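Colleague: Please arrange chain H with the ligand on chain L, whose structure you already have, making use of the hints.
Line order of the protein sequences matches chains L and H. Using our numbering, read the first sequence as starting at 1 and increasing by one per residue. Using our numbering, read the second sequence as starting at 1 and increasing by one per residue.
Any given hint could turn out to be false.
Said to hold, decoys possible - Away from chain H, derived, C-beta distances all over 10 Å, residues of chain L:
(1) S16
(2) G18
(3) R19
(4) P43
(5) E110
(6) L111
(7) E121
(8) R177
(9) G184
To be verified - Here are the in silico distance ranges between beta carbons for each label pair:
(10) G64/L - N46/H: 36 to 42 Å
(11) L2/H - D22/L: 47 to 53 Å
(12) G58/L - Y18/H: 38 to 44 Å
(13) S73/H - H113/L: 34 to 40 Å
Keep in mind that the hints were calculated from the coordinates and are not lab data. Note that the coordinates shown come from a computational prediction; the quantities given were computed from them, not determined experimentally. In this text, a Cβ means the ideal position worked out from N, Cα and C, and glycines have one as well.
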Amino acid sequence: MVERLSPLEPVYRPGSHGRFEDGVGVILSETRPDSIVQVAAWPGEEARAIAAIRKVTGLALPDGAGGGVVDGEKAAFGFAPGKFTVVDEAEGLAAALAKAIAPAVGTVTELSHGRTAIRIEGPEAEWVLAKFFAIDFALPAFPLGAARSTTHHDVFAQIQRTGGDRFDIYVFRSFARSFWKALGHAAEEVGYEVA
Amino acid sequence: MLLTCPYCGPRDVSEFTYQGDGNRQRPAANSQDLQAWNEYVYDRQNPAGDHNEIWQHSGGCRSHIRVVRNTLSHVVSSAIPVRGDTHRRATERRKPGAKA
Ligand SMILES: [Zn+2]
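Bound conformation, chain H alone:
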């Protein structure tokens, strides 16, 4: 699988480190909302299709990248830098069990 780093261009997936589900939204550090923390830590959509992911080009420029990858086909339809990303909320916060 190739990932196209916005800085370095297409590179082998072995140069990258998966940094987790890109739909997660970390509650504020002082949040007492246990449900929000539970969603952040445990709830995942696990979709069969397009999935928002965070990757790091750890074996290259070390940038963090927001990737949309199809879990069925591995087709990467978008890869943009996390920093300066104004469209980062690709999906609004979901209700538990909501469809992707």
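Bound conformation, chain L alone:
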């Protein structure tokens, strides 16, 4: 595979930043999955699309709005009615899904080069994200595996909770560097580490 260049590369500075003397509030990183794929089912075909995602990835998407599932190197979540994002650390997911999802069921769109995946993890992750997005990040309102579609200053973001204090954020590649820098500024007060 051709080595993919990260849009964050010029500003990605591993190490501790901000007010970290009293402890690191969040760890920021880019997860760089090789596959980010969007599946959109035609109305009434959602169950078939969910079954195909399960067949290809082994991920069983729960029913319901914004439901999702995480399993080590793979993740999937609903981000709109009948629409799902499926992520795999390995490449080749789009081709496998395209084989499993007939045109009469829905569409498969390869977004691996179009989105950048940013991870925020740590005891202050909810606090930092709450400064960006007007949604409830508390665990009861935003359970493990679930996802939300929202925006920060018109930068569209899909956010999946992949751990008790861990969130994976998918943003447009072209906005990723600006979003990353803003996230760093927001995390300064709690002290952050770039992994």
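Modeller: Positioned in the frame of chain L, the structure of chain H with the ligand alone reads:
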């Protein structure tokens, strides 16, 4: 103001785009009925009270939503997806100048 997206739940109004009066009924594309086109393009009830509106959750799931919003109080009494909405004709086509 908060709008409750049927998919995403309550969200700030800044995530939404207003898509116009929900009472409009577009004539068939080949319609020659000038009065019907005139009503579709220009006639609005402009009620002081409950109003049928179309919104899009453009900063979220991007669904189109049929909303009933009170123009005096901003109270949203209903927000349902446009797609699959079997009760979409909340009001029958009105005569020009009819009350809301
Ligand atoms: Zn929505």
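Colleague: So, for every hint listed, does it hold in this structure?
Modeller: Going through the hints against the structure:
1. S16: Given that every Cβ of chain H is farther than 10 Å from that of S16/L, nearest at about 33 Å, it holds.
2. G18: 28 Å, holds
3. R19: Non-interface label on R19/L holds, nearest chain H Cβ at 29 Å vs cutoff 10 Å.
4. P43: 7 Å, violated
5. E110: At roughly 19 Å from the nearest Cβ of chain H, E110/L sits farther out than 10 Å, so the non-interface label holds.
6. L111: At about 15 Å from chain H, L111/L clears the 10 Å cut-off, so the statement holds.
7. E121: 24 Å, holds
8. R177: 21 Å, holds
9. G184: 23 Å, holds
10. G64/L - N46/H: 36 to 42 Å: At roughly 38 Å between Cβ atoms, N46/H and G64/L fall inside 36 to 42 Å, so the hint holds.
11. L2/H - D22/L: 47 to 53 Å: For D22/L against L2/H, whose Cβ atoms are near 36 Å apart, the range 47 to 53 Å is violated.
12. G58/L - Y18/H: 38 to 44 Å: 42 Å, holds
13. S73/H - H113/L: 34 to 40 Å: Once the Cβ atoms are compared, 48 Å apart, the range 34 to 40 Å for H113/L and S73/H is violated.
Violated hints for the displayed structure, listed by number in ascending order: 4, 11 and 13.
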